[in-house]
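Count the sequence shown with numbering that gives the first Met the number 0 and you get residues 0 to 223, in order.
Errors might be hidden in some of the hints.
Each pair of labels, with its calculated beta carbon distance range [what the hints assert, rightly or not]: (1) 36 <-> 166: 36 to 46 Å; (2) 81 <-> 156: 21 to 31 Å; (3) 67 <-> 218: 39 to 49 Å; (4) 65 <-> 218: 40 to 50 Å; (5) 102 <-> 210: 33 to 43 Å.
No lab work stands behind these hints, which were simulated from the structure alone.
The C-beta atom is built at its ideal place from N, Cα and C for all residues, glycine as well.
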Amino acid sequence: MSTIFKLAVAAVIAAAVATAAPLPDSSTSLDRRYEPNPSLQANLAFRVILAIIGTALCLVPFRLLWRNGDFAAVVLIVDVALMNFFTVLNSLIWHSDNWDEWWSGAGLCDIEVYVSVPLETIYAAAIFEVIRQLAQQVKLARATELTRKERNRRVLIQAAIIFPIPLVQLLFTWFDLAQRYNVGTIIGCMAVFDNSWPRFVVYDAPNPLFVAASVPFACKYITL
Numbered sequence: 000m001s002t003i004f005k006l007a008v009a010a011v012i013a014a015a016v017a018t019a020a021p022l023p024d025s026s027t028s029l030d031r032r033y034e035p036n037p038s039l040q041a042n043l044a045f046r047v048i049l050a051i052i053g054t055a056l057c058l059v060p061f062r063l064l065w066r067n068g069d070f071a072a073v074v075l076i077v078d079v080a081l082m083n084f085f086t087v088l089n090s091l092i093w094h095s096d097n098w099d100e101w102w103s104g105a106g107l108c109d110i111e112v113y114v115s116v117p118l119e120t121i122y123a124a125a126i127f128e129v130i131r132q133l134a135q136q137v138k139l140a141r142a143t144e145l146t147r148k149e150r151n152r153r154v155l156i157q158a159a160i161i162f163p164i165p166l167v168q169l170l171f172t173w174f175d176l177a178q179r180y181n182v183g184t185i186i187g188c189m190a191v192f193d194n195s196w197p198r199f200v201v202y203d204a205p206n207p208l209f210v211a212a213s214v215p216f217a218c219k220y221i222t223l
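Produce the complete structure using the sequences and hints provided.
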């Protein structure tokens, strides 16, 4: 808990420094971009603090799941950590509405636009696989542990469920981007896709489908 507390304190200090607006000169005294924005500062602080705390709380489960070989759960935690990392990074870089002082995001945003949607899909797919695995373990009638061959087979099946669609999304991004990227306050780097039907099929449909597919396994787990 002391580590989490230190991380939270560091996040508060970083957020306070990032949101400290410079004193406006006479030419910008009426420009609202230079005025302190309490709601924006609160948004920044909560994003940074909760992302760091949430990631820190995953450390102990990550170690246990890694030792037990729970591949889907480990992938889920790593995915959450990566998304939280980008959340903290983007929030601290683009912390105000003063876009005159913004960094262009070249390099970082070029990477994020390709991985942001796949990371979200991995999140949904990993949750689906965790629920599916729990439903199978509940009905498993055996007192012995899985053999090495069975564990490897389970990992391969889980990887085949989790990663193919995000990989397709990653490759398809090159063809579907409407512009290089966009940047927003607090949010940071954003991908801008066109409005064609492949965009719906490749990017919008997978996550709801994984959620819907999880429901029968969750109900089965509850009834068992």
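Given a hinted range of 21 to 31 Å, is it respected by the beta-carbon distance of residue 81 and residue 156?
With a Cβ separation near 23 Å, residue 81 and residue 156 satisfy 21 to 31 Å, so the hint holds.
Just to be sure I understand the hint, the distance between the Cβ atoms of residue 67 and residue 218 should be within 39 to 49 Å; is that true here?
25 Å, violated
Starting from the hint 33 to 43 Å, judge whether the C-beta atoms of residue 102 and residue 210 obey it.
35 Å, holds
May I ask you to test the hint 40 to 50 Å on the CB atoms belonging to residue 65 and residue 218?
29 Å, violated
Whether the CB-CB distance between residue 36 and residue 166 falls inside 36 to 46 Å
40 Å, holds
Hint compliance for this structure: hints 3, 4 are not met, and every other hint is.
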